[in-house]
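Model the full assembly from the supplied sequences, consistent with the hints where possible.
Position 58 (the sequence shown) corresponds to 69 in my numbering; numbering is contiguous.
Be careful, since some hints might not be right.
Unchecked claim - Once the Cα atoms are required to be at most 20 Å apart in a straight line, the calculated DMTMM-like pairs of lysine to aspartate or glutamate come out as:
#1 15 to 123
#2 68 to 107
#3 78 to 34
#4 68 to 34
#5 21 to 112
#6 58 to 81
#7 93 to 115
#8 60 to 71
#9 68 to 84
#10 15 to 86
#11 120 to 30
#12 58 to 107
#13 15 to 71
#14 93 to 81
Stated by the list, open to error - Between beta-carbon pairs, the in silico distance windows are:
#15 68 to 39: 29 to 37 Å
#16 34 to 90: 27 to 35 Å
#17 15 to 68: 34 to 42 Å
#18 115 to 56: 20 to 28 Å
#19 87 to 124: 14 to 22 Å
#20 89 to 62: 15 to 23 Å
Don't read these hints as lab results, they were simulated from the structure.
Note that beta-carbon positions come from the ideal geometry of N, C-alpha and C, so glycine has one too.
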Amino acid sequence: MIEKMIVQAKQYLPLQILEVVWDGTVFQMYGSTWNFNTLSARRLSSKNKMIISCFDKDSERVINCLKNVEIIDVDLQTNFLKIDPVFILSNGQRLEIFSTDTYEPWIFKFSEIVYAPTPGEPSSFGHDVI
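Given below as structure tokens:
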């Protein structure tokens, strides 16, 4: 499923990040025609270092630096478990998502398309539902 989402998302790139919200539980970022929400862990990194992770002391302040940055690419966070996206940003940083829930660990909506990996889509998690 995520491969299909990535192909679709690339048609809408770049996506400008107009707002970023982190309330300690839900992380949201959105633009005029899209939004991304997650309860899962995430980190912001650059070429050779991790800038901040979601539970670091200054994460709310630092994550606000993403306002007005563009998402210029979307890719798989890892090829090992193909369920999470990584957003490549116009400032050279990467926002990586790490699912911590098997029920809608993240939701990505752009245009009128909504993607949410769920147990109802076993292939999105790489295993069969028991």
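Given the hint that residue 93 pairs with residue 81, test it: the Cα-Cα distance must not exceed 20 Å. Not satisfied, since the Cα-Cα distance of roughly 23 Å exceeds 20 Å.
With a cut-off of 20 Å on the C-alpha distance, tell me whether residue 15 and residue 123 pass. Given pair residue 15, residue 123 holds - Cα atoms ~15 Å apart, limit 20 Å.
For the range 15 to 23 Å, tell me whether the beta carbons of residue 89 and residue 62 fit it or not. For residue 89 and residue 62 the Cβ distance comes to about 19 Å; the hint holds.
Outcome for the supplied range 20 to 28 Å, where the beta carbon pair is residue 115 and residue 56: Distance hint for residue 115, residue 56 holds at roughly 24 Å.
Tell me if the beta carbons of residue 15 and residue 68 are separated by a distance inside 34 to 42 Å. holds (37 Å)
For the pair supplied as a hint, residue 15 and residue 71, confirm whether the alpha-carbon distance does not exceed 20 Å. violated (31 Å)
Please verify whether residue 120 and residue 30 have alpha carbons no more than 20 Å apart. holds (15 Å)
With the threshold set at 20 Å, check whether the alpha-carbon distance from residue 60 to residue 71 stays at or below it. Cα-Cα ~19 Å, so holds.
Distance restraint hint 27 to 35 Å, applied to the beta-carbon atoms of residue 34 and residue 90: holds (32 Å)
Hey, residue 68 versus residue 34, does the alpha-carbon distance stay inside 20 Å? With a Cα-Cα distance of about 13 Å, the restraint between residue 68 and residue 34 holds, given a limit of 20 Å.
Can the suggested window of 29 to 37 Å be confirmed for the beta-carbon pair residue 68 and residue 39? The hinted range 29 to 37 Å is violated for residue 68 and residue 39, with Cβ atoms some 20 Å apart.
Taking 14 to 22 Å as the hint, is the beta-carbon distance of residue 87 and residue 124 inside that range? 18 Å Cβ-Cβ, so the 14 to 22 Å window holds.
Consistency note: the structure conflicts with the earlier hints numbered 5, 9, 13, 14 and 15.
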